[in-house]
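Asks: Protein chains in written order, with our numbering: chain A, 471 to 768; chain B, -14 to 169.
No lab work stands behind these hints: they were computed from the structure. Some hints here could point you the wrong way.
DSS-like cross-link-like pairs, simulated, lysine-lysine; straight-line CA separation at most 27 Å [as the list claims (entries may be wrong)]:
#1 Lys50/B x Lys682/A
#2 Lys56/B x Lys765/A
#3 Lys50/B x Lys765/A
#4 Lys142/B x Lys682/A
#5 Lys6/B x Lys162/B
#6 Lys476/A x Lys(-13)/B
#7 Lys131/B x Lys6/B
Looking from chain B toward chain A, a few residues come up when the C-beta cut is under 10 Å (computed) [unchecked claim]:
#8 Glu65
#9 Tyr67
#10 Pro93
#11 Val95
#12 Glu97
#13 Val98
#14 Val147
Chain B regions said to be covered by chain A (calculated; three or more residues, Cβ under 8 Å) [what the hints assert, rightly or not]:
#15 32 to 39
#16 53 to 59
#17 70 to 82
In this text the structure is predicted, and so the values were computed from the model without any measurement. Note that beta-carbon positions come from the ideal geometry of N, C-alpha and C, so glycine has one too.
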Amino acid sequence: MSMMKKYMFLFFILMIPVLSPAQENLLDMLDQDSKSNIDYATATFKSTRVMNGHSVERMPGGQLDFRISHRFGRLNSGAYELFGLDQSNIRFGLEYGINDWLMIGAGRGSYEKTFDGFAKFSLLRQSSGARTMPFSVSFLSAVTLNSLKWADPSRTNYFSSRLSYVAQILVARKFNQSFSLQLMPAYVHRNLVATELDPNDLYSIGAGGRIKLTRRVSFNAEYYYLANTKKYLSQEIYDPLSVGFDIETGGHVFQLIFTNSVAMIEKGFIGETTGSWGKGDIHFGFNISRVFSLKKNK
Amino acid sequence: MKRLIFVVIITGLFIQASGQKYITKNGYIGFFSHTPVEDIKGDNNQVASVLDISSGEIVFQVLIKSFRFEKALMEEHFNENYLESEKFPKATFTGKIVNPSAVSFSTPGVYEVEVEGDLNIHGVAKKVKEKGTIEVAKGNISGNSKFSIIPEDYNIKIPNVVRNNIAKTIEVTVNIKYPTSGNQ
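I would like the entire structure built from these sequences, with the hints used as guidance.
Replies: In structure tokens:
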């Protein structure tokens, strides 16, 4: 009889997995499996620009971004100039994602009749799950060509004098669905500067962020601190501060922006911002981004 | 001793019969939205699912971020604006085959079934009852279904500007193949 009890005991032990609630188990079974995925943070920013400057975002492979950006004149220029709207600076750009970690772009801006080209590399992507990476990191390398007529054609002018270079590291974290923050140290080298007082090398550190107000609208701000001593420069230079909104509608992103800078490329806004927020030298402007899909996803 | 072996074997058989669960991690769920303006198609080949053939119970788990689209921007909008995948990372279904007796899991063939349960998308759970088929073949069992859902039912808001681009009802296709040979 004691033998029989032993068998009964064994029987029940073996039955236990069968008796536990089945459906709970089924989802749990799947939960354990899904933890092995890497979950990448997406859309840290809506666009490849925070405001004037770049964000960590890049165009995915095969996507072409056509950008039109405007900066109007200064708000404090008064009603005669329709608060700056009579003047306009513009940049057109075509920017393309070669693959999922490299994008290139070229543009032409009316500020100093500048052609610009850049490459942005996506080095690290913020992720959670199977691999945890707290930040996204991108590297930006840009070259700009000032195509204004030479100020003094009688002297020897070198083509290289037209060029400036930018190197920038972009480090960003999407803290949650609505809040992202970015830090971006930047180095600008200008081959030719206006006077001996002006440094060829500029060092700057920028900070930018966004707060999503609704699913399609976010508030963005961006500030660059210029580390060079400003009081010895040949003209008064201010740190660029920009605030505005990203508005997304289907395939477009509109960025409405208020900024003290008129240039839309790093070389211009980091070292050549002559407007001051305090004096009301504020430019209204916008960026329009329209993305075309040249390569279809498999 | 013989009796012991007998009991163990019987018990083992019992467990086999009642715990026959088949699992897959790469099932397919896709959806399709058709409007005169544009067609939007999302494909997910990483659907996890378990089918318990003894009870007829069936569960699905779909990672929203694993849907792939023709355009990268569609994928971003799908995750950011519509499904809010950061807040609601997955959609699940837990339910059962209403008529499990109609299916003979040991005989190859196609069987009409009806599945009933809770479909949870975008944090909203709804009772659904949809028709489908179970196909028993050598080495695998597949479950197939096609049905429609209405985004508004799941609190997925579509703003007026894109109202003409996104269909009122979205067609969902389910195509899950559970391997039956090899490890469970």
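Asks: Each of the hints needs a verdict: does it hold here or not?
Replies: Structure-based check of all given hints:
1. Lys50/B x Lys682/A: 20 Å, holds
2. Lys56/B x Lys765/A: 8 Å, holds
3. Lys50/B x Lys765/A: 20 Å, holds
4. Lys142/B x Lys682/A: 17 Å, holds
5. Lys6/B x Lys162/B: Within the cut-off at roughly 13 Å; holds.
6. Lys476/A x Lys(-13)/B: 14 Å, holds
7. Lys131/B x Lys6/B: With a Cα-Cα distance of about 23 Å, the restraint between Lys131/B and Lys6/B holds, given a limit of 27 Å.
8. Glu65: 5 Å, holds
9. Tyr67: Holds, about 8 Å.
10. Pro93: Since the shortest Cβ distance to chain A is 25 Å, the answer is violated.
11. Val95: 24 Å, violated
12. Glu97: 23 Å, violated
13. Val98: It is violated, given that the least Cβ distance between Val98/B and chain A is near 17 Å, above 10 Å.
14. Val147: The hint holds - Val147/B has a Cβ within 10 Å of chain A, the shortest such distance being about 5 Å.
15. 32 to 39: It holds, with 4 qualifying residues against the three required.
16. 53 to 59: Since three or more residues must qualify, the claim that chain A covers the stretch 53 to 59 of chain B holds, with 6 doing so at under 8 Å.
17. 70 to 82: holds (count 6)
In summary, the numbered hints that this structure violates are 10, 11, 12, 13.
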